[in-house]
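Chemist: Construct the entire structure; sequences and hints are all you get.
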Amino acid sequence: MPSSESFARPRAPKAFGAIFRFALRDLRGGLRFYGVFIACLVLGVMAIVGVGATSRAFREGLAQQGAILLGGDLSLGRAQGTPDEAERRFLASRGKLSQIVVLRAMARTPEAAQATLVEIKAVDAAYPLIGAAKIDPAMTGGKKFSEIFVEKDGAFGLLADPALAARVKIKPGDRLVIGAATFTLSGWLTTEPDSIGGVGFGPRVMMSPEALAATKLIVPGSLARTSLRLLLPATKSGDADLTAVQSDFTAAFPDAGYEIRNRGNPTPQLSRNIDRFAQFLSLIGLTALVCGGVGVGNSIRGLIDRKRRTLAILKALGASGGEAARFVLIQALLVAAASALLGAALGLALPSVLVALLGASLPFPIQPRIAWLDGATGLAFGLLTALVFAAAPLDRARSLPATTLLRETAMQEGGPSRGRGRLIAVLAAAVLFAFALLTSDDRRLTAQFGMAVIVSFALLYGVARSIMFFARRAPHSPFLPLRLAVANLHRPGALTPSFLISLGLGVTLLTALVGIERNLRAEIGQSLPKDSPSFFFLDVQSAQAAEFRAFLHEEAPEGTIAVAPMLRGRIVRVKDTPAEEVKPTDKARWALEGDRGVTFSDKPPQGSQVVAGAWWPENYAGPPLVSMETDVAQGLGLAVGDRISVNVLGRVLTAQIANLRKVNWRSFGINFVMVFSPNAFAGAPFTQLMTLTTPQKPDVQGEATLLSDAAKKFPSVASVSMRESLATLGALLGKLSIAIQSAASLAFVVSALVLSGALAAGQRARIYEAVVLKVLGATRKRLLAALTLEFALLGAATAAFGLLAGSLAAWLVVTRVLDMEFEFFPLQAAALALAAVIFAIIIGLSGTWRILGEKPARRLREE
Amino acid sequence: MPDPAISLENVNLTLGTGEAKAHILKNISLDIAKGEAVALLGPSGSGKSTLLMTMAGLEAPDSGAVRIDGRRIDLMGEDELARFRGAHIGVVFQAFHLIQTLTALENVALPLELAGEPEPFPRATEALTQVGLAGRLRHYPAQMSGGEQQRVALARAMVANPSLLVADEPTGNLDQAVGAEIVDLIFALNRTHGATLVLVTHDEALARRCRRIVRLRNGRIESDSATATGRENAVV
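Each protein sequence line maps, in turn, to chains A and B.
FYI, in my numbering the residues of the first sequence are 8 to 870.
FYI, in my numbering the residues of the second sequence are 57 to 292.
In short, the hints are calculated from the structure, not lab data.
All the pointers check out, no bait thrown in.
Think about it this way: if two alpha-carbon atoms lie no more than 30 angstroms apart in a straight line, the pair counts; the simulated DSBU-like pairs of lysine-lysine are:
id	chain 1	residue 1	chain 2	residue 2
1	A	Lys720	A	Lys704
2	A	Lys742	A	Lys594
3	A	Lys862	B	Lys82
4	A	Lys862	B	Lys90
5	A	Lys862	B	Lys77
6	A	Lys150	A	Lys178
7	A	Lys742	A	Lys141
Quick caveat, the model's predicted, so the values are computed rather than measured.
Modeler: Spelled out as structure tokens, the structure:
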């Protein structure tokens, strides 16, 4: 009789080593069962790391090129008003100074056949202080940049964005008229160093200050913006020097009213938007990863099912349940780590790929760099996701007895408690959630998203279980394929939960994104009120206002003309607190950034309604009062009676808030955040903003005629076509849509992978059933009908849930985040539902097609 | 033999590819008369199960002809074969092969439904009653014993009144007592329905209950002889 020692199990580390070696040895057999597992993790991790790496590359690009993008180390911008000599002297003593002026105006061909809105940038001889402009044709013979703009034969030199050619038929050497000056197009401005592709409503044209003066566009009240750029000497260009110059200037000229930016953050709004967009995309990436997690779980189930004989033999040879589970766990974690590494590597390479593919056409500076932290984050995400979804099936391998593992439906039968697996899954999920929060820039958004995913998961799982419950109890249909399909919905190991969760999340996400996009598009174009203006006319001088009105009346006799005085101003103090120190809500932040149009009126503007306080009486002559848009006021913490200071034309005006207005911005009529009492600007120069609303929207030709006539007769008036503006916004939205749709498509690809993985996991059972049915006389047509019905039922249930949940999410975003009215598009919903059902059938059938051709005897012999 | 129920003519069948290729059936020619009960005997790997599957149209021969009730099933397409099998052939497997998601009644009704029978369930109930499972109609396979599952499989094989019943080691997964009950049932059904019966077995005693025993070895028919039962019947 052997001694008790001879039965003693090896000590744990030794046993672990043996299991580890065995797992490695078993992996040599290939990774073919891991296809979906690897693909899901690679894609999910790639999405998260890719988005993170790209936004980091952008941020670092901005930081590295901050001075170039800003046009100097420091930029001081102000609407209207030439900078004070004292201000210039102060800055010039600190470094190299350059001054630029920007404004919008109309450019036309000399015969006035065509006219278009352009964004003028007048640059002095010092421009560019840093960086270099690229022009086509390139300059030759060591010519100075400013020499391009000199006057020759009665025409100034001009550079223009190549986009101008799409609006006005023009080529280098041709003439162009802007305001009262004539220009010769010297070349195309292919790269403007101090520009980040924001939304411009017209192409950029660059000229000299002399040329700008010759245009006679700069008159008191015109909507020009002047910027002073300062480049510190190399010896005194540290961050401390920069801060010192900035604070010294503010101290010396406290009321100068400049918006000051430094090279550290040249475009705060763009940086914030990019960050937010990246956050949004990475949440979609996280959805893809979580969705892929379902695939990971299915793969592990399939793997254990396929390896059940190996596991049974291991157990029969004396391996404990834990060791059997470890065998699979070690394999799964090794493959997960390798997949996550591959995904992270691909994600890290994304910024470089973008640069290589898109290069100069990228609107932002991108500085690709391998950030190992991003890679490590992706790796952690991948491993945690694998653990969350693999824990429960792994525990099944541990708890099922060896004999069960040898049976066909080993993974589908009920067994001992799965408590431990669930506990590990919940713990891993909690760690994954915490990790997502830790690595997120916007924890609130991530937390909300995390909750939404958990709720969606729970709901989808609940719906799946309900479908299975009702399918089990459904009356037996006399139609056999339907009965087989219904039986497949609730059979042990049915696809229903996997299908609902993976495709359900995909459809929900897509429905939400498409819904939001459609609402946005409707907002900017399709649902414009009939009485929305067709044209905006800026910079109509007060002296020419009557004449311009008459011109508009002549051009469009049935049109309605609206007029409002307009000035540019910047909020400098809120309740006596400097604007820089105010902490506005996200919705009101824009009001503090840059110049805003302001107006004055003795009665409430059309399209707005006073909701608090009272309007001032006619001919009011007391201290300045202001009416504020209610949302902005709330976002800035302002109420009726509070004081707000605005720098207009270099003068700081402090006014008391008399009332708050609710503004219907959707009317696209003339409206302003701030409307002052008329006496506030007594004597100040201002221009008129006019709108023309025509009963019939003008066609492109009619629009072009009106624009060119206006440009010829009133060269200083900038005409903006509503159609073109909306087209510009639409194009921008289109670009954003591409990024969003790419991310959503990725989530869908993962869905498809998960589904095919789930199908593969249950393939053996399905083939077996099909073969038995064939033995009993079922034709392929019958089998096909049953399969089609099954996937159609699953697809329909998924589509119904996805449409409901996705529409709810879209409604929440549209009404709560975007503050718009939500519109449901039934046709689009129907199309999406149909697409989801077709997608389900195609994926389902493509995964089970070979069932139909399976030869019965050979298959049955294997059982 | 006038119009045999089963006629095999020079049937050859190879399975596997490459080095694993094995010539399983070698020039098998065999006729089985209508209503005859034949046992296929032989050691493991002799080709008896493959021969049975070929008779059931579940395995297609590489060459030779297989006729069931005068029809060349080896020339039929897959779907035509499935329909033919549904109407003419009942199959009983050692591993039962019931569909786990369907109740006993639904499993038995399947062949009738597939054949487009208007009232499949009363007939399926009757078939289950015949095998002694009237009280287990709504049970799922997982809720039944091995013997009960094989009874369901038997009821399913016979419910459409096939002219041929093939059984591949029908008692292989059952204990002796239950196996004996199943065998009694098979022969009783064979007598009641007048179907031709071919069964594969290792059990000499069971084989002797058939009229004829065909012995196979290495893919060839080693002997083909009438049993005492067969001789008695022949005398009668």
